[in-house]
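Novice: Build the full structure now, drawing on both the sequences and the hints.
2 protein chains.
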Amino acid sequence: MPELRKDPITQEWVIMAVERARRPSDFVLLENTSPDAHPEWSEDCPFCPGNEAKTPPEVLAYRKMGSPNSPNWWVRVVPNRYPALAIEGGLRKVGRGLYDTMNGVGAHEVVIETPLHNKTLPRLDESAIADVIWSWRDRYLDLRKDRRFQYILIFRNQGELAGASLVHPHCQLVATPVVPLEVVHEMQGFRVYQDFHDRCAMCDIVMQELDEGERVVLENEHFIAVEPFVSKYPFETMIVPKVHRGGFVDMSREEVEQCASILKGALLKLEVCLRNPPYNFNLHTAPCGQEQTATFHWHLDIVPRLTTAAGFEMGTGIYINVTAPEDAAAFLRAADVSVRDVPKLDFAPR
Amino acid sequence: MPELRKDPITQEWVIMAVERARRPSDFVLLENTSPDAHPEWSEDCPFCPGNEAKTPPEVLAYRKMGSPNSPNWWVRVVPNRYPALAIEGGLRKVGRGLYDTMNGVGAHEVVIETPLHNKTLPRLDESAIADVIWSWRDRYLDLRKDRRFQYILIFRNQGELAGASLVHPHCQLVATPVVPLEVVHEMQGFRVYQDFHDRCAMCDIVMQELDEGERVVLENEHFIAVEPFVSKYPFETMIVPKVHRGGFVDMSREEVEQCASILKGALLKLEVCLRNPPYNFNLHTAPCGQEQTATFHWHLDIVPRLTTAAGFEMGTGIYINVTAPEDAAAFLRAADVSVRDVPKLDFAPR
Numbered sequence: 072m073p074e075l076r077k078d079p080i081t082q083e084w085v086i087m088a089v090e091r092a093r094r095p096s097d098f099v100l101l102e103n104t105s106p107d108a109h110p111e112w113s114e115d116c117p118f119c120p121g122n123e124a125k126t127p128p129e130v131l132a133y134r135k136m137g138s139p140n141s142p143n144w145w146v147r148v149v150p151n152r153y154p155a156l157a158i159e160g161g162l163r164k165v166g167r168g169l170y171d172t173m174n175g176v177g178a179h180e181v182v183i184e185t186p187l188h189n190k191t192l193p194r195l196d197e198s199a200i201a202d203v204i205w206s207w208r209d210r211y212l213d214l215r216k217d218r219r220f221q222y223i224l225i226f227r228n229q230g231e232l233a234g235a236s237l238v239h240p241h242c243q244l245v246a247t248p249v250v251p252l253e254v255v256h257e258m259q260g261f262r263v264y265q266d267f268h269d270r271c272a273m274c275d276i277v278m279q280e281l282d283e284g285e286r287v288v289l290e291n292e293h294f295i296a297v298e299p300f301v302s303k304y305p306f307e308t309m310i311v312p313k314v315h316r317g318g319f320v321d322m323s324r325e326e327v328e329q330c331a332s333i334l335k336g337a338l339l340k341l342e343v344c345l346r347n348p349p350y351n352f353n354l355h356t357a358p359c360g361q362e363q364t365a366t367f368h369w370h371l372d373i374v375p376r377l378t379t380a381a382g383f384e385m386g387t388g389i390y391i392n393v394t395a396p397e398d399a400a401a402f403l404r405a406a407d408v409s410v411r412d413v414p415k416l417d418f419a420p421r
Numbered sequence: 072m073p074e075l076r077k078d079p080i081t082q083e084w085v086i087m088a089v090e091r092a093r094r095p096s097d098f099v100l101l102e103n104t105s106p107d108a109h110p111e112w113s114e115d116c117p118f119c120p121g122n123e124a125k126t127p128p129e130v131l132a133y134r135k136m137g138s139p140n141s142p143n144w145w146v147r148v149v150p151n152r153y154p155a156l157a158i159e160g161g162l163r164k165v166g167r168g169l170y171d172t173m174n175g176v177g178a179h180e181v182v183i184e185t186p187l188h189n190k191t192l193p194r195l196d197e198s199a200i201a202d203v204i205w206s207w208r209d210r211y212l213d214l215r216k217d218r219r220f221q222y223i224l225i226f227r228n229q230g231e232l233a234g235a236s237l238v239h240p241h242c243q244l245v246a247t248p249v250v251p252l253e254v255v256h257e258m259q260g261f262r263v264y265q266d267f268h269d270r271c272a273m274c275d276i277v278m279q280e281l282d283e284g285e286r287v288v289l290e291n292e293h294f295i296a297v298e299p300f301v302s303k304y305p306f307e308t309m310i311v312p313k314v315h316r317g318g319f320v321d322m323s324r325e326e327v328e329q330c331a332s333i334l335k336g337a338l339l340k341l342e343v344c345l346r347n348p349p350y351n352f353n354l355h356t357a358p359c360g361q362e363q364t365a366t367f368h369w370h371l372d373i374v375p376r377l378t379t380a381a382g383f384e385m386g387t388g389i390y391i392n393v394t395a396p397e398d399a400a401a402f403l404r405a406a407d408v409s410v411r412d413v414p415k416l417d418f419a420p421r
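Residue numbers (the numbering used here), protein chains in the order written: chain A, 72 to 421; chain B, 72 to 421.
FYI, nobody ran anything at the bench for these hints, they're computed from the structure. These numbers come from a predicted model, not from an experiment. Some clues are possibly wrong.
Here are the simulated SDA-like pairs of lysine to any residue, each with C-alpha atoms no more than 25 Å apart in a straight line [said to hold, decoys possible]:
(1) A:77 to B:252
(2) A:164 to B:267
(3) A:216 to A:324
(4) B:313 to A:77
(5) B:164 to A:268
(6) A:77 to B:169
(7) A:164 to B:72
(8) A:77 to B:219
(9) B:77 to A:172
Interface residues of chain B toward chain A, partial, derived using beta-carbon atoms under 7 Å [to be verified]:
(10) 252
(11) 279
(12) 353
Beta carbons: idealized from backbone N, C-alpha and C, even for Gly.
Specialist: Spelled out as structure tokens, the structure:
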């Protein structure tokens, strides 16, 4: 019989449909695109070194020498050429009959994670990934100064099926003039749990997961990577700091390095086990200015796009998951992601 | 500049990204499957007449003569062979550490809408569509008697990209042992609006939409079909009764016929304008037993699957819509969906 599981934070139910179960290895046969199908440098790619003029002027770059908007960077952040929200102008809120509207003020930036066109994020060195995360922190701290912005989301789309339109490794950052309802609901969930138990729900989750062990994929001193008990999707993977912290932005450099290490490990396992699946990840963090005060515990959710949400999910918000997280975790733990699986770099990013 | 719009019921924000705009006609070039690619009858299809033994025994059928589970039906309802929730057993709620679980008790049924394998729902006669809606009502009234069920969702997946695994026209019905969070939030939204204005939000929406007219696609005596002001997706279409009613199940036969007529019209316009797009629809109705008392106004949401929700939508719940509903409505209104667009039936379903 299927099992319903309730998310202790968001209070969402998920149906674990064991009768419809698909074994973890069933997903491996999907036709996914290998990054090796692409060249290391592409003349047409606006994110490749030498093509800096094809993007709006950079807002951040890590380079040892050279002038802005020239090559020799290893991480480069630029405004999105087709932004979902526009940076200019004040916030105007206008009613139209019963409807409420607001002009689309915000920021939409692209973090180019490496100069190498055909790399994937987990195939970068740990220190290069740490620099990508550090660039999120740098941009976050800068954007947070802008009082129009209430929330900053960092996310990544990998593969066409996950909404990526460009191959070159990149993630994105959007600052919004409202706290998104998804975040409001998550904060409410943390609050309800805190009021009842006088403890943080995510701290309790980390403790129980480490105690039970069956859903943990990776662990290091500061982080765990775990298949959530209430996974909505097969191979959903959550990276959580062990120590309570509302906002990711307050990580020390040492924590950023450990975060990079576990992110690399988790993504590499998904990449090798599921043959470069399309996926999204997004970073759940407290709203701007509430990083220290909100009842929140930041985490990063990785969602491989292996199944299709349909009418039932849309109508109820209840997801049907055909792969138990316990099975997915065992499959990922067993995967041997040793150095020989990772092609040697011809060119080190720095 | 993009515009943010807030749903007056769910309070969700949507970004109308006019700078990224795609014209309605851009979606027509998608490669969608025409039902004409399939035969009228398929030996292997469990939903085709003559193959009744390939499904679990029917729970409802409309036929003039003949015994159960034989041909000569025009609508037939059977349990799903691979149910997301199982019909047998009592409800057991069990805690596992901090996690809450429940065994997966529920009902999962398939409504086979026509004996014709290669038909689409809007290409049926209005009276045949009315019978499909009537079968929802029949099954709803029967399932509602079961006190284990708190909510009954009716939905439809059309096309592989929208999660359909079988070609033969069918929709589905799932009874759940909980009120889904999506419905809880929608009810809360109706309640907040009602408390503030002492009116129903959806009644106000219907009035404003009819007054402004620019987002209305179709109208008849009892219903409107409208592109919502806060559409999350291009060509999202909502069918709403003009008169306040919490549950769809309380429709009269006359209203069911008008509902069938407007559903046929709206789906036919989408089918002809966008060349058989994949889509989902789902019916938002009050929870079981609260049809008369809940602050709710039922409606049916049609969502063509033309774009991909990605990391941003997942992380925020804020959808980026690249087609303004005003443009989509104008495009659909202009479409000539006359009889000549509809292939002549070789065989009438009854």
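Novice: Given the hinted pair residue 77 of chain B and residue 172 of chain A, is their Cα-Cα distance within 25 Å?
Specialist: Cα-Cα ~6 Å, so holds.
Novice: Within 25 Å, alpha carbon to alpha carbon, are residue 313 of chain B and residue 77 of chain A?
Specialist: violated, 36 Å
Novice: Hey, residue 77 of chain A versus residue 252 of chain B, does the alpha-carbon distance stay inside 25 Å?
Specialist: Distance ~11 Å between residue 77 of chain A and residue 252 of chain B Cα, so the pair holds.
Novice: Is the hinted pair residue 77 of chain A and residue 169 of chain B satisfied, with a Cα-Cα distance of at most 25 Å?
Specialist: Given that 25 Å is the threshold and the Cα spacing comes to 10 Å, the pair holds.
Novice: If you draw a straight line from the CA of residue 77 of chain A to the CA of residue 219 of chain B, is it 25 Å or shorter?
Specialist: holds, 18 Å
Novice: Verify the interface restraint on residue 279 of chain B: the C-beta must sit less than 7 Å from at least one C-beta of chain A.
Specialist: Holds, because the Cβ-Cβ distance from residue 279 of chain B to chain A comes to roughly 5 Å (cut-off 7 Å).
Novice: Quick one, are residue 164 of chain A and residue 267 of chain B close enough, alpha carbons at most 25 Å?
Specialist: holds, 20 Å
Novice: So, as I understand it, the hint says residue 252 of chain B touches chain A; can you test that by seeing if any CB pair is closer than 7 Å?
Specialist: Holds, because the Cβ-Cβ distance from residue 252 of chain B to chain A comes to roughly 5 Å (cut-off 7 Å).
Novice: Straight-line Cα separation of residue 216 of chain A and residue 324 of chain A no greater than 25 Å?
Specialist: Holds. Residue 216 of chain A to residue 324 of chain A sits at ~21 Å (cutoff 25 Å).
Novice: If you take the shortest Cβ to Cβ gap from residue 353 of chain B to chain A, is it below 7 Å?
Specialist: holds, 3 Å
Novice: Taking only the CA atoms, is the gap from residue 164 of chain A to residue 72 of chain B under or equal to 25 Å?
Specialist: The given pair, whose Cα atoms are some 14 Å apart, holds under the 25 Å limit.
Novice: For residue 164 of chain B and residue 268 of chain A, compute the direct alpha-carbon distance and say whether it is at most 25 Å.
Specialist: Answer holds: residue 164 of chain B to residue 268 of chain A is near 20 Å, not above 25 Å.
The structure is inconsistent with hint 4 alone, although it conforms to all the rest.
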